[in-house]
Each structure stands twice: as C-alpha cells, then as structure tokens.
Amino acid sequence: MNINQDNFEENLSAQLQRLLESIQATGRAALPKSNDALLSSIVETAAQIFGAAAASILLVNEEEEALEFKVSYGQADHDLVGTKFPYDKGIAGYVFMTGQPIATSNVRQDKRFDQDFAKSTGYVPNSILATPLISAGDRILGVMEVLDKIDAASFDMQDMELMGMFAQQAALAIDQSQQIENIAEILIAGLKRLVEEQDNPAELASALDQAGNGNDSLSEMLELADLFNTISAMGKSERKAVMQILRTFAEYGRSAARRGRNVR
Amino acid sequence: MSDEEIRPAWSHHFSKELLQELIAEGPLAGIDRDWAWKDSAGKGVRVAIVDSGVEHDHPALGDCVRGGVIVEYDARAEDNYRIKPDDKPGDMSGHGTACAGIIHSIAPEAEIYSVRVLGRNMGGRAIQFAAGLDWAIENNMDVVNLSLSTSLEEYFGVFHDLADQAYFKNSILVSAVNNISGPSYPSLYSSVVSVAAHEEKDTFTYYYNTKPPVEFGAPGIDVEVAWNRRQYITATGNSFAAPHIAGITALIRSKHPQLTPFQVKTVLMACASNMRRQGK
Chain D
1 MNINQDNFEE
11 NLSAQLQRLL
21 ESIQATGRAA
31 LPKSNDALLS
41 SIVETAAQIF
51 GAAAASILLV
61 NEEEEALEFK
71 VSYGQADHDL
81 VGTKFPYDKG
91 IAGYVFMTGQ
101 PIATSNVRQD
111 KRFDQDFAKS
121 TGYVPNSILA
131 TPLISAGDRI
141 LGVMEVLDKI
151 DAASFDMQDM
161 ELMGMFAQQA
171 ALAIDQSQQI
181 ENIAEILIAG
191 LKRLVEEQDN
201 PAELASALDQ
211 AGNGNDSLSE
221 MLELADLFNT
231 ISAMGKSERK
241 AVMQILRTFA
251 EYGRSAARRG
261 RNVR
Chain E
265 MSDEEIRPAW
275 SHHFSKELLQ
285 ELIAEGPLAG
295 IDRDWAWKDS
305 AGKGVRVAIV
315 DSGVEHDHPA
325 LGDCVRGGVI
335 VEYDARAEDN
345 YRIKPDDKPG
355 DMSGHGTACA
365 GIIHSIAPEA
375 EIYSVRVLGR
385 NMGGRAIQFA
395 AGLDWAIENN
405 MDVVNLSLST
415 SLEEYFGVFH
425 DLADQAYFKN
435 SILVSAVNNI
445 SGPSYPSLYS
455 SVVSVAAHEE
465 KDTFTYYYNT
475 KPPVEFGAPG
485 IDVEVAWNRR
495 QYITATGNSF
505 AAPHIAGITA
515 LIRSKHPQLT
525 PFQVKTVLMA
535 CASNMRRQGK
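Which chain is which? The protein sequence lines are D and E, in order. Using this note's numbering, the letters of the first sequence correspond one by one to residues 1 to 264. Using this note's numbering, the letters of the second sequence correspond one by one to residues 265 to 544.
These aren't lab readings, by the way, just hints derived from the structure by calculation. Where hints are given, some of them may not hold.
[Said to hold, decoys possible] With a cut-off of at most 20 Å between alpha-carbon atoms, the simulated DMTMM-like pairs for lysine to aspartate or glutamate come out as follows:
(1) E:Lys302 to E:Glu373
(2) E:Lys348 to D:Asp88
(3) E:Lys465 to D:Asp156
(4) E:Lys280 to E:Asp303
(5) E:Lys280 to D:Asp88
(6) E:Lys280 to D:Glu161
(7) D:Lys70 to D:Asp88
[Unchecked claim] Distance ranges between label pairs, derived from CB positions:
(8) D:Leu172 to E:His276: 20 to 30 Å
(9) E:Lys433 to D:Leu172: 34 to 44 Å
(10) D:Glu65 to E:Glu463: 32 to 42 Å
(11) D:Lys84 to E:Asp338: 21 to 31 Å
(12) D:Gln48 to E:Glu463: 18 to 28 Å
(13) E:Pro291 to D:Gln48: 50 to 60 Å
[Unchecked claim] A few chain E residues facing chain D, derived, Cβ under 7 Å:
(14) Leu292
(15) Ile295
(16) Ile347
(17) Met356
(18) Arg384
(19) Asn443
(20) Ile485
(21) Asp486
(22) Ala499
(23) Thr500
(24) Gly501
Cβ atoms here follow ideal geometry from the backbone N, Cα and C, with glycine treated the same way.
Turn these sequences into a full structure, and let the hints guide you.
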C-alpha cells in the first residue's frame, strides 16, 4: 500500500512538471503578468502600428463617472497617468458615450480638447484617433487614443478601421485580464469566508490577507487562474487530462488530510 | 452569421478600384439632378439631428436651428427615459453641430431640430437613442440624421420597428454605418438610407453601392466642420458622410414633397455620381 502511494506521488509530481513545461512551451510565459503591463504593451504596439508619436488608454472609473488615464506612451509621457475626465468631456468622452471612433486634426482649434490641461502636460497633439474599447459583452471599457500621426497631417479611414480591429483585440485582453484579477479577488474573498468558519484559522487567514496585498501568493493565484484559462483554450483532450490530474490531486489531498499528512 | 455579413461596413466599396459604374435605364434615365433638386434650398423641410445636441448660435448655422429636445435616461420613469424641451439647444461635444453644419451648408433653408440623446448614463444609451428617434418620427421630421448607431443585438427589434414606423410615416432615416467592423442598427435595415465615407472632397459627389451593407458613399474624410463653442475642426468618419446625404435628401424633399421614402431613395440612386445615363 505504502509503495503504491509513493509511486503515485512520484507519478503525480512528474505529470505536473511535464504539464507546466508544456504550458510554458505554448507561450503562456509571453502573457504579461499584470493588467498594467498588458496596457503598456498595447499602447506601445498601437503607437508603432499607426505611426503615432504617442498613445494612451483611458479606462472607466464608474464610481467617479470618469475616464481615467491608465497608461500613456510617447511624448504625453507618464504625467498623464491617474488624470480623470468626466464621461461627457472631450473627444474621448464622445467616443465613450457613442461607442464610435473619431479622427480629428487641427485640434488646436478645438477647445473641446482641454487646452489648459494639455498645456500643463506640455504636449498638445495635432491629430487624434480615438477608438472605444468594447468588451465581448458590449460594455465600453474605455478609450484608446493614438496621437500625432508621424508623416501625415491626420489619421485616415484605414487607420480608423485597423485601429477598430486592434482595439477589439485589446479590449478582449483587457477585459480578460480584469476578470482574472476579479477571479483572484473573488477566490480570496471566498477562501477568507471559509477560513472564518474553521477552528484555527490564524495562519491561513494571515496568508490570505497578504495575498490580497499583491504579494507572491496573489500572483500565484493569478497564475493559477491564468493557467486554467490557457488550458481551457487548448482543447477538449487537454481539458480532460488536466481535470483528471486535478481530481486525482484533490482526492489524494483529501485522503492525505484524513491521515494527517500534508500534500507536497 | 457568415464572415461576409459581418464585414466592416466600409468605404472601400467606394474606392476607385471597386466602384461600380451603374446605368440608368427606362424611366430612371429621366431623373437627373436638375429635376431632383435644382433651385431647392430645403425650404419647409424639417431635419432632426439625433446626436450630442446642436449649438444653435454657432455662426455656421445661421438661424436654421428651430428647437429641439433632450432625451434623458431616468430609471424611475415609466419607459426609463424623460424628454425635456430644448428651445435653444447646445452641444455637449461638437459632433451634432458638425452634422448640422454640413446639412445647413447644403440645404440652407431647411429647419434643423436638435435631439440630444447622449448623456453620462451608459446603461441608458440605447434607450435614449431609441426614444430620440421615436420623438423625431412622431414629430413628423422629414429627414432624420443618425450619425449614431448601436451594436446591441437586443435592440435589433426596437430599431427595426422604429425604422418601419418612420418609413410609413414618411420620415427618411439617413444613418451612418458603424466605423468599427460589425453590425450596427439602424444602418443595416433596407428602409434606411445608409452612408459611409468616400475619399472625394466635392460636397455633391456621392456614390450608390448595390452591395450591402452600405448603400451610399459621401465625403467624410478630413472634412472641415463646425464644432461646439463656435469652433471648427477637421474631422474624419462615416458620421460626417451621413449629413451630406441628409442635406441632399432635404433638397429633394423640399422640391418634391409628394415623394415617399422609397421614391426619394430611388431619386438619390438615380442621381448618384457613378450613375451613367444611356447616350450620355
């Protein structure tokens, strides 16, 4: 019996190891670790694709009914990050309210673009292409802007169309990344509740508290959620294999707990 | 839905390479621009701009703005919206003023009404839009400029009903197709005059396209437009193409008030810049 158990542990460990390696090999490691890193990579790519001197993303801040600059690339620089606009203000506001992209140039004559604000950052764009970030569920997550077309006076229709497609992909990634963070929060909240019902929860509770502060435990949970995501996208047989492994692991954990052993 | 159906409703239909030359045959050959709108300035025609509002005292608009309404989302109201009169309308963004300015430049005697349907409440966006369109139809607007659309599937039926209502109440809906790939309502319905931007600059150069989803192409790239706070900007988008066709529609309706929506669309098609008359 003991010999079988040891074999089983060894097999399980080897299987998990192989699984992790295969997941990394399929490009899982290429995914940004956090929402902020994802946003940065999106604006940088957008600026390059559309030949823009700068680019930025504003996301919805529902509590304040505002669009908040989350990330910015190029001349506009990082001073913008954290700045908020009311929903109905400026070109970004129009794009947000209508879900329609717009391209404008000669923006210096357009007082909708808040001159004082732009001057305070020392950067006034001459051309803007602003596109909504729309989730798969038709929720507008925010607005992506590319600013100052290099080598042309304004962004054209082709830019607008391509940026629409690019923004769709970006919105899916942002939405997913936000959901993964939400899943982690929900997971943590659920576990906390569970722990509060236990007899001696101190150790686990403090570990979970730390997890909420964005330390390694949280990133592990994010990674776990992310792994589920990646695996479920691989296909039916992969999903089945992983489910089997997890079920076996869970069953093993339960039986080990009954015998007073830790699962390692 | 096949890939073909969800292709972006786009201006490439109107590029020089893809543009079809059409031939006007039979009675269509007798309909030309002189007959359709020569000497018309849009007098007596009421045009609603369903948008962000219209700045009534913008210098580009003369005194063509005759009033309007603001449609607000209100969760406590019976149909979740409220309509307030807006006798001297303003514009919260500039977009509606841009559309009004284009129409006024084409049909200077047409009366313009602002129907403001944009606001801070995101959840009520489509409700406001539908209610604003309903107001325009019920108030006998001859032409309704919709440089807005919704892509929400659950509003397919609502907007389809409104488009039918407009058709039978003799109100012509001129709708910009979405700038983003994917379906948008009401621009996809056959009773609506759908418009995308082409690359030409001349105000009266517009094309007819026989292949759905978009029927008409009009100027919409780098157009000098009025903007709110008495400004002007250069703007690009299908939003700015629709009011070109709305303006021409106003000219036709003023000169030929007896024509019904499908007849007006036929006249627009017959007079398109890619229509060749036999023997000409």
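Verification of the supplied hints:
no. : hint                             : verdict
1   : E:Lys302 to E:Glu373             : holds (14 Å)
2   : E:Lys348 to D:Asp88              : holds (19 Å)
3   : E:Lys465 to D:Asp156             : holds (14 Å)
4   : E:Lys280 to E:Asp303             : violated (30 Å)
5   : E:Lys280 to D:Asp88              : violated (38 Å)
6   : E:Lys280 to D:Glu161             : holds (18 Å)
7   : D:Lys70 to D:Asp88               : holds (18 Å)
8   : D:Leu172 to E:His276: 20 to 30 Å : holds (25 Å)
9   : E:Lys433 to D:Leu172: 34 to 44 Å : holds (41 Å)
10  : D:Glu65 to E:Glu463: 32 to 42 Å  : holds (38 Å)
11  : D:Lys84 to E:Asp338: 21 to 31 Å  : holds (25 Å)
12  : D:Gln48 to E:Glu463: 18 to 28 Å  : holds (25 Å)
13  : E:Pro291 to D:Gln48: 50 to 60 Å  : holds (55 Å)
14  : Leu292                           : violated (30 Å)
15  : Ile295                           : violated (30 Å)
16  : Ile347                           : violated (18 Å)
17  : Met356                           : holds (5 Å)
18  : Arg384                           : holds (5 Å)
19  : Asn443                           : holds (5 Å)
20  : Ile485                           : holds (6 Å)
21  : Asp486                           : holds (6 Å)
22  : Ala499                           : holds (5 Å)
23  : Thr500                           : holds (4 Å)
24  : Gly501                           : holds (5 Å)
The earlier numbered hints that this structure contradicts are 4, 5, 14, 15, 16.
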